[in-house]
Amino acid sequence: MKKILVINTGGTFNKVYNPLTGDLEIDKKGKAVKELKKLWLNSFKIINIIGKDSLDMTEQDRAEILKVIKSSSEKRVIIIHGTDTMDKTANYLSKEKLNRKIVLTGAMVPYSINPIEATANFASAYGYILGIYKKGVNISMNGRIEN
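Residues in the sequence shown are numbered consecutively from -1, following my numbering.
Among the clues, some could well be false.
The calculated lysine-lysine pairs, modelled on DSS-like cross-linking and capped at a C-alpha distance of 27 Å, are [to be verified]:
1) K86 x K65
2) K27 x K86
3) K65 x K132
4) K86 x K132
5) K73 x K36
6) K93 x K32
7) K1 x K68
8) K50 x K95
9) K65 x K35
10) K29 x K93
11) K36 x K86
12) K50 x K68
13) K43 x K65
14) K68 x K0
15) K73 x K133
16) K95 x K65
17) K68 x K32
18) K32 x K43
Label-pair restraints from in silico Cβ distances [as the list claims (entries may be wrong)]:
19) G125 x S92: 40 to 46 Å
20) K93 x L22: 39 to 45 Å
21) T56 x E23: 16 to 22 Å
22) D54 x L18: 20 to 26 Å
23) T19 x K73: 39 to 45 Å
24) K133 x K65: 28 to 34 Å
It is worth saying that the hints were derived from the structure and are not from the lab. The beta carbon of each residue, even a glycine, is placed where N, CA and C say it ideally should be.
Based on the sequences and whatever the hints tell you, model everything.
Set out below in structure tokens:
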């Protein structure tokens, strides 16, 4: 089976509790996605970039996501993204003719606190990307797929 590229941009999916500050901070090393890869025994290609809450995403960040997609050979891409501006990134990417199957997903609850929602959303994105035949940009959240 061909590899799926997972672009991990941060968001709540990747947040971890910092006991020193009492804050939730984004784990820029992508521990959550690496754990999913290990548990699923799958050969995802994971690229960790940006490492931000999506409210802090800029057009330069979206351009960086686009650059990673264009420079990869994988035709199936899952993007882990914060939920607040996921739609803006999906819209940005859909304006490009990328000739790939792209699914954005995220979580409202950090994987590190309760992995159920993040895992379910990722699994939904994974299943959808394997099953779709039409290339384009989609969002997978809470059991729903939107394009």
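Hints, verified against the model:
no.: 1; hint: K86 x K65; in the structure: 16 Å, holds
no.: 2; hint: K27 x K86; in the structure: 24 Å, holds
no.: 3; hint: K65 x K132; in the structure: 22 Å, holds
no.: 4; hint: K86 x K132; in the structure: 21 Å, holds
no.: 5; hint: K73 x K36; in the structure: 22 Å, holds
no.: 6; hint: K93 x K32; in the structure: 30 Å, violated
no.: 7; hint: K1 x K68; in the structure: 16 Å, holds
no.: 8; hint: K50 x K95; in the structure: 26 Å, holds
no.: 9; hint: K65 x K35; in the structure: 24 Å, holds
no.: 10; hint: K29 x K93; in the structure: 31 Å, violated
no.: 11; hint: K36 x K86; in the structure: 30 Å, violated
no.: 12; hint: K50 x K68; in the structure: 21 Å, holds
no.: 13; hint: K43 x K65; in the structure: 16 Å, holds
no.: 14; hint: K68 x K0; in the structure: 17 Å, holds
no.: 15; hint: K73 x K133; in the structure: 9 Å, holds
no.: 16; hint: K95 x K65; in the structure: 13 Å, holds
no.: 17; hint: K68 x K32; in the structure: 23 Å, holds
no.: 18; hint: K32 x K43; in the structure: 10 Å, holds
no.: 19; hint: G125 x S92: 40 to 46 Å; in the structure: 21 Å, violated
no.: 20; hint: K93 x L22: 39 to 45 Å; in the structure: 32 Å, violated
no.: 21; hint: T56 x E23: 16 to 22 Å; in the structure: 19 Å, holds
no.: 22; hint: D54 x L18: 20 to 26 Å; in the structure: 21 Å, holds
no.: 23; hint: T19 x K73: 39 to 45 Å; in the structure: 41 Å, holds
no.: 24; hint: K133 x K65: 28 to 34 Å; in the structure: 19 Å, violated
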